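Trainee: Residue numbers (our numbering), protein chains in the order written: chain Y, 1 to 295; chain F, 1 to 295; chain P, 1 to 295; chain E, 1 to 295; chain V, 1 to 295; chain R, 1 to 295.
What the hints contain is simulated information worked out from the structure, not anything from laboratory work.
Treat the hints with caution; some may be incorrect.
One copy or any two copies: either way a pair holds, since identical chains are not told apart in the list.
[Stated by the list, open to error] Derived PhoX-like pairs (lysine-lysine); straight-line CA-CA distance at most 25 Å:
no.	residue 1	residue 2
1	Lys123	Lys8
2	Lys155	Lys47
3	Lys95	Lys46
4	Lys78	Lys95
5	Lys8	Lys155
6	Lys139	Lys286
On a predicted model such as this, the values are computed, not experimentally measured, just so you know.
6 protein chains.
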Amino acid sequence: MRNEQLDKMIERASVLIEALPYMREFHGTTIVIKYGGAAMVREELKKCVIEDIVLLGYVGIRPVIVHGGGSEISELMKRLGIEPKFVAGQRITDKDTLEVVEMVLTGRINGEIVNLINQTGGKAVGLSGKDGGLIKAEKIECGAEVDADLGFVGKVKSLNVSVLEILDNAGYIPVISPIGVDCQGQTLNINADFVAAHIASELKAEKLIILTDVSGVLERPDDETTLISTIKTSEIPELIEKKVLAGGMIPKLKACMEAVKGNTKKAHIIDGRIPHSLLLELFTDKGIGTQIVSD
Amino acid sequence: MRNEQLDKMIERASVLIEALPYMREFHGTTIVIKYGGAAMVREELKKCVIEDIVLLGYVGIRPVIVHGGGSEISELMKRLGIEPKFVAGQRITDKDTLEVVEMVLTGRINGEIVNLINQTGGKAVGLSGKDGGLIKAEKIECGAEVDADLGFVGKVKSLNVSVLEILDNAGYIPVISPIGVDCQGQTLNINADFVAAHIASELKAEKLIILTDVSGVLERPDDETTLISTIKTSEIPELIEKKVLAGGMIPKLKACMEAVKGNTKKAHIIDGRIPHSLLLELFTDKGIGTQIVSD
Amino acid sequence: MRNEQLDKMIERASVLIEALPYMREFHGTTIVIKYGGAAMVREELKKCVIEDIVLLGYVGIRPVIVHGGGSEISELMKRLGIEPKFVAGQRITDKDTLEVVEMVLTGRINGEIVNLINQTGGKAVGLSGKDGGLIKAEKIECGAEVDADLGFVGKVKSLNVSVLEILDNAGYIPVISPIGVDCQGQTLNINADFVAAHIASELKAEKLIILTDVSGVLERPDDETTLISTIKTSEIPELIEKKVLAGGMIPKLKACMEAVKGNTKKAHIIDGRIPHSLLLELFTDKGIGTQIVSD
Amino acid sequence: MRNEQLDKMIERASVLIEALPYMREFHGTTIVIKYGGAAMVREELKKCVIEDIVLLGYVGIRPVIVHGGGSEISELMKRLGIEPKFVAGQRITDKDTLEVVEMVLTGRINGEIVNLINQTGGKAVGLSGKDGGLIKAEKIECGAEVDADLGFVGKVKSLNVSVLEILDNAGYIPVISPIGVDCQGQTLNINADFVAAHIASELKAEKLIILTDVSGVLERPDDETTLISTIKTSEIPELIEKKVLAGGMIPKLKACMEAVKGNTKKAHIIDGRIPHSLLLELFTDKGIGTQIVSD
Amino acid sequence: MRNEQLDKMIERASVLIEALPYMREFHGTTIVIKYGGAAMVREELKKCVIEDIVLLGYVGIRPVIVHGGGSEISELMKRLGIEPKFVAGQRITDKDTLEVVEMVLTGRINGEIVNLINQTGGKAVGLSGKDGGLIKAEKIECGAEVDADLGFVGKVKSLNVSVLEILDNAGYIPVISPIGVDCQGQTLNINADFVAAHIASELKAEKLIILTDVSGVLERPDDETTLISTIKTSEIPELIEKKVLAGGMIPKLKACMEAVKGNTKKAHIIDGRIPHSLLLELFTDKGIGTQIVSD
Amino acid sequence: MRNEQLDKMIERASVLIEALPYMREFHGTTIVIKYGGAAMVREELKKCVIEDIVLLGYVGIRPVIVHGGGSEISELMKRLGIEPKFVAGQRITDKDTLEVVEMVLTGRINGEIVNLINQTGGKAVGLSGKDGGLIKAEKIECGAEVDADLGFVGKVKSLNVSVLEILDNAGYIPVISPIGVDCQGQTLNINADFVAAHIASELKAEKLIILTDVSGVLERPDDETTLISTIKTSEIPELIEKKVLAGGMIPKLKACMEAVKGNTKKAHIIDGRIPHSLLLELFTDKGIGTQIVSD
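One chain only, chain Y, in its complex shape:
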């Protein structure tokens, strides 16, 4: 082996070693990852996220994945001639829509993520909120959040995480579709950010990490230099009231607030468009994006 080759290899080994303090810090902890946006669509990003998740598993961290599904749902609906309708950013979910939502989330996206993790050397098992009674939900009443009947849209009422714990203890990475069931057995479509937040609290996660398509929480949505690095949960209500935040950011911030007010140590809203954003957040000093911490 020529020397320069060797030097390069030694340098690479050093990079691995630099990750040691973080491995130590996060060893044995649970990290709940809300997977969505560009990182779930663009092939090269998808590859990076999956690799990151598998690596976390190998270094003794317990990743739990909750995924969304936006664009693919609307696409299939169009092919089936069902017109997607939204009120205040929320999908109105009638019976036909619900069927499509579940088929796309559980029958396509979930399986794809599971398969990619397995092909990359991890061990994943896909779950929806139906499996093992994981997510007990209740319908969002008409007028409770928006001034309309959202249809079969629910919120988390309680979780039964024992199936997660069983899989986790056996070394499987759970991949979860945000589908819940109410007490009558009715399937409900739930916002994935909040499902992730609830699961993070229930599992006493070290971190909730939400992958988005922006660089974090921006004071002025169109100006990337206004990124807020750290937000305390007590500052969130005021921040929302100011009405300066991008619309889509508000439920994400609320989910983070819930998680951190629960049993999650920290929440992060990070830029899923950056390759290996998960590793950058976990394995570097400064981290990336916006972190939400308790007071």
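Chain Y is fixed; fit chains F, P, E, V and R onto it per the hints.
Mentor: Structure of chains F, P, E, V and R alone, referenced to chain Y:
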């Protein structure tokens, strides 16, 4: 309580007691059930099958469900403008079809069964062959079985049942979609009867039970009085060659033969149109339908 | 199979299914059964009780049996020329009597119950209060309960249920003779109802069920129509003071009160003369006999 | 403390230390003890045997006790007016006799031993062959051993020692009555030496020790100086044929032979009239009595 | 065997039996032994201590050994030309001295004790405070205890006893060198009495036993008749202030006080020059030396 | 964060990801590392080796360290006025030398390695062959290997690795001094390469890696370009006979041969002077140094 009421109740208690010898016999054993046909379509039959499965779980039997999905797949294909094509009874599965197959099986039917079991008091978890690397498959080569390229249709190459055992030990009933993955990570559509047969062998099941829409193996398909109660595996090749059997019965018989030649004790082809056919098979002396036994 | 035969079988299967909600409710709970009276004497009733117990074991309920022994003790005493003496319904137990009591309870009745359970397909182990130090007792002082020295008659002072838990976890049904030992090692004869009540509390039983030879607590002992379905523990002292209850019922009611004031969820005094009375109590909506509940 | 007192105490400590090599040798092994004869009758011997057993438990040896019951059975029979009958030293056991046998063995002697062990600081649980299906027996056919119908007398057909293992793992000393059950559920009286031998084999015991009322196997029964220290199993048939042995010794020797030909390492016939004979056998170099070893 | 020989053996067996009540009392408890002084130097005493420790292990007690090393350290220092220096009885430990201390304690004495235990039939593992991060220490600041810089001398800051528990559960006897590590990774020399006291508290030991070269705490150090049998922790400060105690006794008393104020039940300062002093303390009624008890 | 900074971080993350296939390959396997030479002397190399070991632990590999001690032993001997003597490269070990060897190995070097691993975030426990009876050795007889009495020098006779397994299962990294004990309890000095080889075989290690001060096995010791990448065990005898190898390499090759002929999958002789040589060997395609494989 009036006496006649009491007498009726006592009689009902006696019926429970009559099941005792069967409970004893099957306690702790695994029963793999291929769930399909009318029993998966007609609401009142569906209810019965689910109740039977939950009851088995309560009396210490370990049911494992493998389901099919026929008619719903074709239906969604039609809505999407994809024309179902079959060669010798097998679905030709191109990329679009495969997507539909997976969405319907994993995203709709599987979740529905899981949900029904949970609502009826059991604890179920849905899996496809992707989960935990359960089903490693390989494409059926063009010409191997039929004189055509079936597309993304595979057969079981090997199983990794550890995820089943983990769930089973924790009291969960696994519900499995017959979807496999080949070594390149390609999803493949597999015949559910054979998936059930392989799983039964791998789990050293007491029984493989295939629910069908006929009363069993009939010597003359149009004459129910020609039901064969017991077939030895050695008799099956000749029976098939005679070409008297109904077409759909042949792969089922082959699957049963594989299961019994493997580590399954007995296989049964029973009439899923009879309410509580599972209990009748397991908890009565004579059983129902056709049983396949080793020589 | 002829159709009417099949219909009958389906109907029987339905009866099993009707027990599902109760199996779910009581799954994994402990039911302490005080076994005595006619149900321990008449062969056909004995058979029913044993079958019921075995069935409970198979459906995931943990039965614990405490038995009495009345008539057989007196019978052997007579054969040995010892005259049974009673004060206020309690047996005066001198040294010779004690020997007979222990031989009959532990050496005859206990073994018979254990054997019957095993022959019926269950797994039972017989214990007296000596085994594993199960029942620490103390002598009832002269005058404490009745105005006489009862001899070697004791009451439960403390329990060491670890032997029960070990057997229970291994799937054995414990069958217990109401014999205790005091701190000097002296064997003492104890009322079986109270032993059952103490064990039910210690094991945090779902139910204590006392099998008797009456239909329950009757407001007028000679009028079966005056059955009280439900009694709150707070009502018991008054009920006893009224002096309308049958004599033998009072200690049973007190035992039930102790159990329910302890950690037992509910207590039941039921009619052991009804075949399968245990199943009727557990697996029907209305139950039978009298239930004692906390306020 | 005065010096001579101290010196005495130091000497006593040295005695404990001398037992160390034996503790090491037998640590974790199972010793099956057939308890009977004078050691079960004379109070001061009884105390010694019980103390020895408890000590064995404390130093990490796993004692299993099988007891007989001879004289007490005949005594109760006489009190009940049943005349004991023997053929060739074996008790003819009719239905009434069987009842007495079981009551005395299981209801009196067994409980007494259990109680004494517990009072001495051990933890014992009494079992008969009924408990947990421990001893499956079969009737000795008329003429098979003696030229008469012995009645309800059986021999061991098979053992189910799982209940022993469960208790043993939890630190309980099992005390076993030699009562078995045949496949019809019929109780049978069995020779305790053979029960002990079978259990020793099944548990792969280090030793079977039979306590007797003689100093061991004597070549001339009336001459204690003819004690045989060691007998190989191959020498036993000849020794029996010579017809010089005391009558009662023959079945004991046969039992030892069966044990050693099975999975027991060694068998010992020792003099239970010597105080602490068990400790002397186990914790001294020369041991006492006669040892039976494999060839 | 001649009778007098037998009588002697029976007497010896009785001595073993006399230890039974103590075996019962201490079964399963942890006894922390500070091993030092003459008992670690004189061969015949060493043999006795090791035998005692091994015996404790065999009778179900969990011994934990902490050893000192005084004279051997000074000896090696002299051979290396390093002059031992002491201030107020404490060794001034510069870098060279520390190296010697660690080599002698961990590299010679610890291994010797471990080896002796193993040769005597026990199972020991040697540890220093470095192993598994067992002893986190901090440097004793200049002037904190004596008016000088003691150098690399520390005190226990915290313990991580999980490595002890793991070894203990597997039946190993831990033998511990009193070496600690501070938060910068600096090795520190620590007083073995205090290490033993901290470990006793952390393990909730039944007893801390300190082996010394005096008969216990003497009111007048030169008069053995002034031995104090029992001291309450509340009496210790006054006793120290009186300035009548031997100098070396004061830190030992303080260590005992800390242990008993922590989670140790009792502490004992005993005379290691008496053979089998450990057994005498544990297995006789009066014990030996001085016991320190809580108020 | 500026873009170029981010790009650099992303690149670093990619390096971690490149290690994924190796993590997968070696996950859960045991790697025995013989640690010695420059890598144990030069501070910056020492740091790298320790970091590598800790990293292996974090990514689910089970490292076991066996260390040597050459130069430090001779150094202390000189300070103590003992002259080191060697015959054919082997240290003649008299009583005084043995004492020094043990003190340096177990009392200095072992503790230092353990401490460094702990400070770097790992969990290590130091052991010598005495601990838990790990290494049973026997003296090398005079003339057996060299024509002289080597004194207290031994070879491995058998291993008792249960203490390793217990520590390993609890996540501790064992660090082992090559000290053994013979059947009389005599301490013996053993060649560390062979200790490592035996342990690797006994633990069924994936790899034995010997860190040396050369780049591997060189056909001409003075020419680094003659490095042999792969040697089959069958080629080793011939290679040794050729007498071209460097003297110190021969025992290392023999040790590797023993390991691979035993249960070790592969052995490696690598250049410990290269920083992070362990990671380079394990986590790159080509590996470094010489690998010894079975035929």
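Trainee: Now look at each hint and say whether the structure bears it out.
Mentor: Quick rundown of the hints versus the structure:
no.: 1; hint: Lys123 to Lys8; verdict: neither (32 Å within a copy, 30 Å between copies)
no.: 2; hint: Lys155 to Lys47; verdict: neither (31 Å within a copy, 28 Å between copies)
no.: 3; hint: Lys95 to Lys46; verdict: between (31 Å within a copy, 21 Å between copies)
no.: 4; hint: Lys78 to Lys95; verdict: both (15 Å within a copy, 19 Å between copies)
no.: 5; hint: Lys8 to Lys155; verdict: neither (51 Å within a copy, 41 Å between copies)
no.: 6; hint: Lys139 to Lys286; verdict: neither (40 Å within a copy, 34 Å between copies)
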